[in-house]
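Student: Spelled out from the first residue to the last, the chains are:
There are 4 protein chains.
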Amino acid sequence: MKMQINILALCCLCLVFSVAVAVGPPTCPAENSGGCGDDEWQGEFFPEIPKIKYEGPNSKNHLAFKYYNPEEDWLRFSVAFWHTFRGTGGDPFGAPTKFWPWEDGTNSVAMAKRRMRANFEFINKLGVEFWCFHDRDIAPDGKTLEETNKNMDEVVALAKELQGSKIHPLWGTAQLFNHPRYMHGAATSPEVGVYAYAAAQVKKAMEVTHYLGGENYVFWGGREGYQTLLNTDMGKELDHLAKFLEAAANYKKKIGFNGTLLIEPKPRSLQSITTAAHFLRKYGLIDEFKLNIECNHATLSGHSCHHDVETARINGLLGNIDANSGDPQTGWDTDEFMTDIAEATKVMLSVVKNGGLAPGGLNFDAKLRRESTDVEDLFIAHISGMDTMARGLRNAAKLLEDGSLDELVKKRYQSFESEDGALIEAGKADFEYLEKKAIEWGEPKELAEMIFHSAL
Amino acid sequence: MKMQINILALCCLCLVFSVAVAVGPPTCPAENSGGCGDDEWQGEFFPEIPKIKYEGPNSKNHLAFKYYNPEEDWLRFSVAFWHTFRGTGGDPFGAPTKFWPWEDGTNSVAMAKRRMRANFEFINKLGVEFWCFHDRDIAPDGKTLEETNKNMDEVVALAKELQGSKIHPLWGTAQLFNHPRYMHGAATSPEVGVYAYAAAQVKKAMEVTHYLGGENYVFWGGREGYQTLLNTDMGKELDHLAKFLEAAANYKKKIGFNGTLLIEPKPRSLQSITTAAHFLRKYGLIDEFKLNIECNHATLSGHSCHHDVETARINGLLGNIDANSGDPQTGWDTDEFMTDIAEATKVMLSVVKNGGLAPGGLNFDAKLRRESTDVEDLFIAHISGMDTMARGLRNAAKLLEDGSLDELVKKRYQSFESEDGALIEAGKADFEYLEKKAIEWGEPKELAEMIFHSAL
Amino acid sequence: MKMQINILALCCLCLVFSVAVAVGPPTCPAENSGGCGDDEWQGEFFPEIPKIKYEGPNSKNHLAFKYYNPEEDWLRFSVAFWHTFRGTGGDPFGAPTKFWPWEDGTNSVAMAKRRMRANFEFINKLGVEFWCFHDRDIAPDGKTLEETNKNMDEVVALAKELQGSKIHPLWGTAQLFNHPRYMHGAATSPEVGVYAYAAAQVKKAMEVTHYLGGENYVFWGGREGYQTLLNTDMGKELDHLAKFLEAAANYKKKIGFNGTLLIEPKPRSLQSITTAAHFLRKYGLIDEFKLNIECNHATLSGHSCHHDVETARINGLLGNIDANSGDPQTGWDTDEFMTDIAEATKVMLSVVKNGGLAPGGLNFDAKLRRESTDVEDLFIAHISGMDTMARGLRNAAKLLEDGSLDELVKKRYQSFESEDGALIEAGKADFEYLEKKAIEWGEPKELAEMIFHSAL
Amino acid sequence: MKMQINILALCCLCLVFSVAVAVGPPTCPAENSGGCGDDEWQGEFFPEIPKIKYEGPNSKNHLAFKYYNPEEDWLRFSVAFWHTFRGTGGDPFGAPTKFWPWEDGTNSVAMAKRRMRANFEFINKLGVEFWCFHDRDIAPDGKTLEETNKNMDEVVALAKELQGSKIHPLWGTAQLFNHPRYMHGAATSPEVGVYAYAAAQVKKAMEVTHYLGGENYVFWGGREGYQTLLNTDMGKELDHLAKFLEAAANYKKKIGFNGTLLIEPKPRSLQSITTAAHFLRKYGLIDEFKLNIECNHATLSGHSCHHDVETARINGLLGNIDANSGDPQTGWDTDEFMTDIAEATKVMLSVVKNGGLAPGGLNFDAKLRRESTDVEDLFIAHISGMDTMARGLRNAAKLLEDGSLDELVKKRYQSFESEDGALIEAGKADFEYLEKKAIEWGEPKELAEMIFHSAL
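These protein sequence lines map, in sequence, to chains A, B, C and D. Going by numbering that gives the first Met the number 0, the first residue of the first sequence is number 0, and it counts up by one from there. Going by numbering that gives the first Met the number 0, the first residue of the second sequence is number 0, and it counts up by one from there. Going by numbering that gives the first Met the number 0, the first residue of the third sequence is number 0, and it counts up by one from there. Going by numbering that gives the first Met the number 0, the first residue of the fourth sequence is number 0, and it counts up by one from there.
Watch out, some of these pointers could steer you wrong.
Each computed DSBU-like pair below joins lysine-lysine, with the alpha-carbon atoms no more than 35 Å apart [claimed, not checked]:
| id | chain 1 | residue 1 | chain 2 | residue 2 |
| --- | --- | --- | --- | --- |
| 1 | B | Lys-149 | A | Lys-435 |
| 2 | B | Lys-253 | A | Lys-435 |
| 3 | B | Lys-203 | B | Lys-142 |
| 4 | C | Lys-149 | B | Lys-59 |
| 5 | B | Lys-142 | A | Lys-281 |
Counterexamples of contact, computed for chain B against chain A with all Cβ distances above 12 Å [unchecked claim]:
| id | residue |
| --- | --- |
| 6 | Gly-55 |
| 7 | His-82 |
| 8 | Gly-192 |
| 9 | Lys-436 |
No wet-lab data here; the hints were simulated from the structure. A quick note: this is a predicted structure, and the numbers were derived from the prediction, not measured. In this text, a Cβ means the ideal position worked out from N, Cα and C, and glycines have one as well.
The following block holds chain A by itself, in its conformation from the complex:
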């Protein structure tokens, strides 16, 4: 049983292992009779995969939860459409490696709809209730913005139907980074036309998210930032970004969307939690937005994920978590599923103190390795991520129940529960008073012996 624990602890690796595992004949490969090439095809996409169940820590079944028990837990997991259904395994030095059987190599609306059916079969088999998406993940660009929006409407209508009553988006967002038009930024583009185009795209994405019952809307500025400061008016760009977000907040109200607006800090622009918070405060947006913390962005910015989650929490800005992780020896975002139990436990300590994350949740902004090319890997990866977070939550709950950590922290600060501590915290202890006290008290007590020795 303890071995099982460690298999789990090592599971970012399992993803690769299963490469060699044979999978049954795909039900819907493009080379088949063609029925599956039809967007009306409604058979099973993952015929070899059963509904994933909780079997407890002793289970040796790769396709079962060992820690996440859907009946007990209150974690709000979300599948990320882009990594799970649009990830190709390509990287800067290599062509795509993943060719899922349901893909036909086109970017058509029909293909988009078939892919959406695969998404909901996946979600249902995994047993989660949330998904999230960028507008351009789920439906292809048309020749004009109107045509693009029409494409999206068609796919969204199907998604609405497939969601049923239990599933809906944790959040939606607009993809403002892939298209060349955004190479100089979206809301911070030096081109007014790009700014307007981005606004139109966000407008539509908010409408769609609202229509699907989404609980949040996310802003990730993948191209906001700069290539060189020398050609950049940073002040002007930030002003523009603020106007853009203000307009978004206004539009949200106009359409009656009650979801939370979330900003996602990223290395190289709104780099840290507090950089984003500063921006929101400076521009008077602090009451309209919360933050979406991505763990791999935290580590790339030189913080632990726990640090970023806790910093957001104490500033009242903890909205949602992109529960992924990076490689500590690698300088870019590897977006792996989280497998570090200790870090998951610490993150969950903050989450529990926050009273949970709702209406936010835990979104797997994580991808299969380039070498993982088997559909089963999609399930194994998510199961591993969910089990890691569930173990973290259970550990956190026990630590909080036990109370000794909190007790320790409380004791650490107990000297501030004095009359003088109260004066300080009320802003009533001025420097003259404090100097008088310092002289009266002499060297801080618990250090007396230390001081004695240092004077030898």
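Starting from the known structure of chain A, fit chains B, C and D onto it as the hints suggest.
Tutor: Relative to the frame of chain A, chains B, C and D by itself:
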């Protein structure tokens, strides 16, 4: 002549080279007749070193300025007492290597006074008008706070006299990180007694800075931060820090000190410029404080120095610059003198746009390498840092005069000088208006051809 | 004039600046009359760009050399076909941005031939004499290996013709990383079929390089390495790699190719110069291979480029330099053109000490920024890189002529020119002899005073 | 019980927690009656601490092993004298914080002997059988080398007595980095006198290690390396280092010391495992030395600890492990006790495959945090490190017993168990043969479907 340029570009190395260069007999070695062991000793500390002059780029004299011309430049350079007069060359793996001839191995008040005389001889020979210090650099701890303050008063009286009419502190500060009492923080210590002690120390340091005619006062929280979040109440600690700074701002007014209060962001606590700015905004301190940017802290936080200076500038928070630099392949602060002309030029572009730094300036928070053990190196290092910044300033001035960089930036954003740009910047372009415009305009113009090709 | 110097020093930025600069009507855009869609089209690809000339440091012409004088210099610059003609501007978050006018969106042989004509017009206008390529850059994959090889033969025949008598490859190489078949490695793949396929590909690439008069052949193991050690038999994989390289060395001899075989260390597998050297020594390949040093790989591995070049030199392994550079605040290879004069000078010091690089040279493994979409940028970037290296070379030459650096180094070690130094260097000073000497000599002389003080 | 697991997983923190825990009256504080100021004082140093016992995973006793069972395990743990008994808690920004009750503030021989008694009480209570040391940790410098050696002899005689029959050194080493004489290197110093001094020091340290029954001797070149390449003749320095090590190997034989000689790679000089291995091969020392792998050096060099241990293993060079770990977000060596179960498990997989480490072992080159100032923390830290490694070993054993990981690796490479695989591994498959095979086999089989889709 061009070679000279490059010798300069490589000059962090020179520091090491001169190790082997013989220096004349020290005038005041401790082993001498003992006169110099006396704090009244007032001979020359650097008898081999003449007053440093400007000789222009063709000079081969190591002890001359090639770019910094005191007659022309308006840079406000400051010698940092701690590195220059208290740096020992010690590191985590090694004992001290520097044994300046005027040091007698004691930490007495007499030694502090002799060291202060060396400081002013150095400053005068170098030809700068500012110095800066931590309280504990310049005078030793006594057995009680009163005695410590008395020690400081004695040394400060001498400093006041030696300053004469032209020299004064760019800033003073309190050393709240070296003593074991601060190992858990100063203003963020969990011990109320430590908080009070730190307040008393800052109170005195502000008084002394004021007395000496200092133009700024700096807060560097070397121990504010945490070893582990698990024993830390981050919210409470930040609250305490805010109260502490509020009390400092109040005390400043009370004593009639008009200097600027500066916060120095550092990796691991108020990590970035915007983290510090967020803190100041959140706690209502944004009008009372500016920032002291340290270049090596910037790079350790994943930014260029230029980024941090410019970010402070556009937020109206650029107060002072610690002009040092780190090793890009090294993960800690090596606090080297800056030798990178390109970076110095960029920093100076921001400084010039800021209308200079006054009442702040450029402080050499930089130290000799462990292997540099010759007093001459102290001069060579400062000369190299000053020449680097002066070249940067001249380059920046020419770039700004030439105007093509600014022109380029202006052109880059010119589409916002339209009517619609004005609407956006005034916050009057809502998402519906922008969507209408996006549809009307079609794909952003300059990208039309690109789009055409991407659709092939 | 000095400003010019600094414009240069900042020129990685220029690349971006010229984005907005209008370029004349392209001569061969795909949308034109179609003549250019024909591979026989032989007009001008860069009609707006003249032959690049040396105009000296005072020139303000972006399309002229300020430092590189083809008449004087003996630098062996090479254009890298892949970045310059196959780079798309795409990145992990974004679609391609570059749509050169001669591209028709296909990957046909006809397109490959037209692209090759553009390459040679570029090389001739730039005035260099070398180019380098991966097999798959220059010609498309066919349905079988035979067909692929046939495609390559057709393109190579054209290249041979276009080379004329002065131009030839600095080196050729096989692209063993982009295709999915190599996702688990090439020579280190766990699949024997992939190993054989890679061997066949290298065999052909060596033949082609030889046919074109190439002076070197490079091995870059972009996928050799591992995703996780847990599924990897590192010992077996290195054994396979050694056998592969041994077979390559044998085949080289068989076909009478006299070019140098070069291994290119990269982060994550043969990470450092010495890792590669160790591999070569362990497997008895040290006399058959030299190294290709990439500057950006050096910095990603935690070294300066100078360190890696010098380390290769003292081991007799310096074969060629990929003269690019990275961003010190960025954790992946940004492959920028080198603009740091100080680093270029240091690298050139090693190159001159090496007696030059021939038959190797300086290859620009560097790419335009994503935002640079103008053909003129291709020239500006190369000019800037060439001028940087030429300045470095001139500086290095002057430093060596001047001799004071070498003198300093010589003096630093002069104590080893004693009799005892000679004994040590001859391996004849055993520990007992050295102990006797140490006792006889006492504390090392120049440290005597230091020791005295440390004992106080 | 599971909570216990996680407390452990988080235990680098515990070290800090116990700061506030009251400890009983020290038995031997310097201020006491003075008996303990006497080096003959032989009472208890840790009277509050019992012999540490194994109590199993359910125990809540901080002073008990939960995983390490001395009766079952075959791990060869070693206490590191320098961190545990000479660590002060000082850092570049702060004065020492630890004032152990047995320290009297002097660096006398008497103090050294009393400290040695504390060391053996610690070792006995912890229940380990190894310790390791630098020569200068255990005995103070005298005025001459002879006096220094005499000091050491006196302390070593006591150590020999206190060792008894069960305890002895895992290894000894010479401290060639702290003293200013070594600031330019020891075996790579440009001064022949420093080289000789270092040789004399190593000679004595080897003799002492031999006398105490040490099983290994370690070389850590803390100052071998360079400040700037510009004043360094890297080739000459490496030649000198090789001669030095050769002399050491000869002296070892001469005195009949059968221990293993170990080189410890470190960032900035013999940076990686393979850099060290290359050095040993190049200079013909590969059969005389093995490597001591430090985990925190591995991560600072951009590798995981597992990578370095495995790389040493497959090269037959795995000699010993410094079982510490760093902070992934921190760029210097924090030398923490290892608490990461997953990493410990992976390291142990390599150790088990190596057939254990003997005559090497696991040495805790790890230190208490600056804030840990209680003697109890010394025990808690070691217990946590030992439990982590013991859990790792148990996990590794189970994984190997279970066999599925090995099976997976074996299957991954099974295509090489064919006739053609055998030819390749025997070096008999030349490129022509392989090309023929590649054409015959067509695209590697398991990728056929992938290729099919990529061709769509």
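Student: Indicate, hint by hint, whether the structure satisfies it.
Tutor: Hint by hint, here is what the structure shows:
1. B:Lys-149 to A:Lys-435: 16 Å, holds
2. B:Lys-253 to A:Lys-435: 17 Å, holds
3. B:Lys-203 to B:Lys-142: Between Lys-203 of chain B and Lys-142 of chain B the Cα gap is close to 16 Å, so the pair holds against 35 Å.
4. C:Lys-149 to B:Lys-59: Roughly 63 Å between the alpha carbons, so the hint for Lys-149 of chain C and Lys-59 of chain B is violated.
5. B:Lys-142 to A:Lys-281: 46 Å, violated
6. Gly-55: 29 Å, holds
7. His-82: Holds, since 23 Å exceeds 12 Å.
8. Gly-192: 4 Å, violated
9. Lys-436: At roughly 5 Å from the nearest Cβ of chain A, Lys-436 of chain B sits no farther out than 12 Å, so the non-interface label is violated.
In this structure, the earlier hints numbered 4, 5, 8, 9 are contradicted, and the remaining ones agree with it.
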